[in-house]
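Chemist: All the letters of the sequence shown, read from the start, carry residue numbers 1 to 293 under UniProt numbering.
Incorrect hints may have been included.
To be verified - Once the Cα atoms are required to be at most 30 Å apart in a straight line, the calculated BS3-like pairs of lysine-lysine come out as:
id, residue 1, residue 2
1, LYS123, LYS91
2, LYS238, LYS91
3, LYS8, LYS123
4, LYS8, LYS238
Everything labelled a hint here was simulated from the structure, so no lab data went into it.
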Amino acid sequence: MTPPRTPKILYGGDYNPEQWPREVWDEDHRLFGEAGIDTLTVGVFSWSLTQPAEDAHDFTVLDHVLDRAAAEGRQVCLATGTAALPPWLAKRYPEVNRTDFEGRRHRYGQRHNFCPSSPVYRKAAAGLARRLAERYAGHPAVLAWHINNEYGGVCYCDLCADAFRAWLRDRHDTLDALNDAWWTTFWSHRYTDWDQIEPPSALTEHWRGPDHTAFQGITLDYHRFTTDALLGCFLTEKEAIRAHDPETPVTTNFMGLYRPSTTTAGRPTSTSPPGTATRPWTPRRPSPPSPTT
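With the sequences and hints as input, model every part of the structure.
Modeler: Pasting the structure below:
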């Protein structure tokens, strides 16, 4: 059995000093000591800081934070920062931006904004993870690697459509098997070519938003495909880290209950009539008793 890397429950949270003036950093660390904080998660949304251009990296802030943490006896979960695209990447390579449920290719903005099927995104994310691992593997403050952040969301671009069809071939083997699993004869949906299959969205099978589908088999499988695509992104970064650090734990994190990520992967698709709502069934509150007359 592998011994734990720490003998106690860790106490701390996200620390984003790059979002605050340097003048308050000393006070931050003083308060960490006063509060008994022993662990910091650092760099979660730092991609545009650590890689301001495709061929440039700047580790000044991370060097400072990790060195100070080590000097003061604190540990760091070091994030790769790949959950939020840097503007230069989104501008130069539009394919890394997600296409939303309405079929609109997004431009730069927000966070958790990447297409998980984009080879350009995966290469760039793995490249940053590799550079971080090259620099910080073995650093005395690094307790764990934190890849990306709160995986979730769905992309409906052409890259995802192609990847979805490849995923379906691997899962169902033949179109006949897919048609049977999805009960496609209902409403004249039976497919005769893989290229006829499109991601389920507001432009195809859904109405009134992602929770209402006319054809639940494809919707369920698309969520499963998205789960696998996001897992593929994680494993790509993990492999880049492992090339330089074979021992330090590599993990990620999740938000609270996020319904799209709770779709069970790997189980056969159960058939039921298209048009059934995709929301999990929840019991209604019992009606109050009728007043007696």
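Chemist: For a C-alpha distance cap of 30 Å, please report whether LYS123 and LYS91 respect it.
Modeler: OK: LYS123 and LYS91 at ~16 Å, within 30 Å.
Chemist: For a C-alpha distance cap of 30 Å, please report whether LYS8 and LYS123 respect it.
Modeler: violated, 37 Å
Chemist: Could you grab the alpha-carbon distance between LYS238 and LYS91 and see if it respects the 30 Å cut-off?
Modeler: holds, 26 Å
Chemist: LYS8 and LYS238: Cα distance at most 30 Å?
Modeler: holds, 26 Å
The structure fails hint 3 only (numbered hints given earlier).
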